[in-house]
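6 protein chains.
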Amino acid sequence: MRPIEHKDATPEVRAVFDDIKATRKVEDVNNFWKHLANEPRMLEHVWGSLKAIMGPGALDPLTKELIYVAISITNNCDYCMASHTAGARAKGMTEAQLNELYAVVGLANMTNRLANAYRVPVDEAFKTDQ
Amino acid sequence: MRPIEHKDATPEVRAVFDDIKATRKVEDVNNFWKHLANEPRMLEHVWGSLKAIMGPGALDPLTKELIYVAISITNNCDYCMASHTAGARAKGMTEAQLNELYAVVGLANMTNRLANAYRVPVDEAFKTDQ
Amino acid sequence: MRPIEHKDATPEVRAVFDDIKATRKVEDVNNFWKHLANEPRMLEHVWGSLKAIMGPGALDPLTKELIYVAISITNNCDYCMASHTAGARAKGMTEAQLNELYAVVGLANMTNRLANAYRVPVDEAFKTDQ
Amino acid sequence: MRPIEHKDATPEVRAVFDDIKATRKVEDVNNFWKHLANEPRMLEHVWGSLKAIMGPGALDPLTKELIYVAISITNNCDYCMASHTAGARAKGMTEAQLNELYAVVGLANMTNRLANAYRVPVDEAFKTDQ
Amino acid sequence: MRPIEHKDATPEVRAVFDDIKATRKVEDVNNFWKHLANEPRMLEHVWGSLKAIMGPGALDPLTKELIYVAISITNNCDYCMASHTAGARAKGMTEAQLNELYAVVGLANMTNRLANAYRVPVDEAFKTDQ
Amino acid sequence: MRPIEHKDATPEVRAVFDDIKATRKVEDVNNFWKHLANEPRMLEHVWGSLKAIMGPGALDPLTKELIYVAISITNNCDYCMASHTAGARAKGMTEAQLNELYAVVGLANMTNRLANAYRVPVDEAFKTDQ
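Protein chains in written order, with my numbering: chain H, 1 to 130; chain F, 1001 to 1130; chain U, 2001 to 2130; chain Z, 3001 to 3130; chain G, 4001 to 4130; chain L, 5001 to 5130.
Quick caveat, the hints were computed from the structure, so don't treat them as lab data.
Bear in mind the structure is a predicted one, so any value in this text is a computation, not a measurement.
We put the beta carbon where it would ideally sit given N, CA and C, even for glycine.
Some hints here could point you the wrong way.
Said to hold, decoys possible - Among the chain U residues that face chain G by a calculated CB cut under 10 angstroms, a handful are:
(1) Thr-2023
(2) Val-2026
(3) Glu-2027
(4) Arg-2041
(5) His-2045
(6) Val-2046
(7) Gly-2048
(8) Ala-2052
(9) Gly-2057
(10) Asp-2060
(11) Leu-2062
Unchecked claim - The calculated DSS-like cross-link candidates involving lysine-lysine, where the alpha carbons are at most 27 angstroms apart (straight line), are:
(12) G/Lys-4051 <-> L/Lys-5021
(13) F/Lys-1025 <-> F/Lys-1051
(14) Z/Lys-3127 <-> U/Lys-2025
(15) H/Lys-91 <-> F/Lys-1025
(16) G/Lys-4127 <-> G/Lys-4091
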């Protein structure tokens, strides 16, 4: 499946590419979008939902990039680790923050399995919190 | 595997329980620690590493709780979702933030697979960023 | 662990290789089988079960290849994505179908986590259906 | 996080609920949508993308439900297994098909790990196919 | 999907049930097999492969049960954790061994993600070992 | 994130490196530790817990390496597969054992999903065992 460049794209795909470029103030969209353009319906929906959620909102954009990196490590997605680490750096992430993020990812993946292994029942205090 | 209460614990386990209670200013440790106490070496190491990493550091404690929740959803760990959602709420997380967090978790799990499916090559720009 | 070629194989392994070649009408088995031949018991059992299930049955063979691709993407198995995409193409899969498959894989991985995150209770209507 | 009923919903959420009901010809939306309504942006985007992809397209709707079930089993999402099994039954899936689907899911999860374990290199024939 | 009891089973399914009972010296097969009997081809293949691999071999049976428990925790399969923990206990596993197993499972799930996060290149010494 | 060599390390990191080298009787630490040294708190905690758990204990060290390999395959961590396979070989693992281990990993990943798919209820006998 080949990536689709702007010049070869349908008007529908070009409109999404142009919106990505305008929103992010970049000269070209990255490889993810060029590949996803093979399925124009998903290109539109994925971009639409990322645009709605990943910008300023209840959580600040850097926090959301960090969460994205954490999940991408957990799921072992090389491309996503690279792209969202770059995104987090562009939003001000320091090396100390990235190292601490990796630590949290490691710890969470450990304690998730320990909680499963011991079949730990949910504390009453947590239930009332939810 | 039964949970171990403070009164039934060895001095070694009690010392960890007491440190958890003093650090977190709580009257009792939660169920996770009572179960993990069946393996005192891990009790000590897991607590030691969480104490070192999850407090104030390069990232603020709320951000780290949110990352923990995101990974626990991705890994489908009910106990961890409950305990770290409670932790995040105690640190000030709003319902709007929790909803937005869920949205990011959903999106990341989707785009992780789309990037894999299309075998998207890492952009040159991301490589120089790393 | 080296792949085992037909000429170097034991009679037991050769018999499986020959059955794969005859069943699939191919001149040589693919790399997966040559590696799995290091454990002849599994070679025989894996081939036996794939032969029984992946051919014509309650579901048509193309549908089963598509399901295989979907799981391989979810599990991030490069080899399996490559081999079963080739298998699906050989059974008539179009590029439009592959793109739509990727879309479904992305969506399912997203909504799986959203359902977990919100701890959505199973609808009564679904229970009676099962 | 409570589910949101139609009568308590904002006009924005009601519009999505009404579109789900009209599209699917059902009297009420299922629990998934009522919970997701806590994040109206995702409600709109998830529904929009499912509506675009899961209906008639390059793949028939039943095939797409089966793929959804397969991924939900792999990811261990109880709600999604229940809802998409019901969806597949409503589209004509037989018990024999469901059993064969389970078989494929089991086999794919096995061979995914065997391919990883043996680090099987991708066959040249598969590369030219892609 | 209902479990199938011996008295309601086809001769083909009964033969597998009888072989399980004779091999394991038990009076009835456990629930897993009764459910899997809905797909007789998989019943036969799964039992055949477990019988071939899980008994005495290159690794002792207890070690193989422990590995099964470790993977079942990692994949979050409650039934499999319960059945293989019972199997390991029947083969002599002590509580101290189970606790240490849980520790290894936690650590491996942590370091797996740390190795991914840091994109650690494989040491030359490991390459020559493989 | 660059690996940190002994000569460039802080005294804190050097102390951990020296302990790894003395404990394992090796001339240099492997790449994992050099990368993890970017987060000295985790370097210390991860090493401390591995040192406590992976040596002689309730389970023999080879068994624990095998479990590590099994989880690393399940999680698809190339580095961890390479390093712990080397570790297992150094502790006496034979090729026959490695092949049988791969078989168990494949089978467990299959039956984990079959148990989920059929929603198999836990047998009473297993409950009393736990």
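Outcome of the hint check:
Taken as an interface hint, U/Thr-2023 does not check out: its beta carbon lies about 16 angstroms from the nearest beta carbon of chain G, beyond 10 angstroms. Residue-level restraint check for U/Val-2026 is violated (minimum Cβ-Cβ distance to chain G is 22 angstroms; threshold 10 angstroms). With a cut of 10 angstroms, the hint placing U/Glu-2027 at the interface with chain G is violated, because the nearest CB-to-CB distance is about 27 angstroms. The interface hint given for U/Arg-2041 holds, since its Cβ lies 5 angstroms from the closest Cβ of chain G, which is under the 10 angstroms cut-off.
Among the interface hints, the one on U/His-2045 holds; its C-beta lies about 4 angstroms from the nearest C-beta in chain G, closer than the 10 angstroms criterion. Taking 10 angstroms as the C-beta contact cut-off toward chain G, the hint placing U/Val-2046 at the interface holds, the least distance being around 8 angstroms. With a cut of 10 angstroms, the hint placing U/Gly-2048 at the interface with chain G holds, because the nearest CB-to-CB distance is about 6 angstroms. The closest approach between the C-beta of U/Ala-2052 and any C-beta of chain G is roughly 5 angstroms, which is under the 10 angstroms cut-off, so the hint is satisfied.
Against a cut-off of 10 angstroms between C-beta atoms, the interface hint on U/Gly-2057 holds, since the closest Cβ of chain G lies about 9 angstroms away. For U/Asp-2060, the interface hint is violated, the least distance from its beta-carbon to any beta-carbon of chain G being 17 angstroms, above 10 angstroms. Given the 10 angstroms rule on beta carbons, the hint for U/Leu-2062 is violated: about 19 angstroms separates it from the nearest Cβ of chain G. Only pairs whose Cα atoms come within 27 angstroms are accepted, and G/Lys-4051 paired with L/Lys-5021 is rejected, the gap being roughly 43 angstroms.
For the hint pairing F/Lys-1025 with F/Lys-1051, the CA-to-CA distance comes to about 13 angstroms; that is within 27 angstroms, so the pair holds. A threshold of 27 angstroms between alpha carbons decides the hint, and for Z/Lys-3127 with U/Lys-2025 the separation of about 20 angstroms falls inside it, so the pair holds. The hinted pair formed by H/Lys-91 and F/Lys-1025 fails the criterion: a straight-line CA distance of about 35 angstroms is larger than 27 angstroms. For the hint linking G/Lys-4127 to G/Lys-4091, the alpha-carbon distance of about 36 angstroms lies beyond 27 angstroms, and the restraint is violated.
Of the numbered hints stated above, those contradicted by the structure are hints 1, 2, 3, 10, 11, 12, 15 and 16, listed in ascending order.
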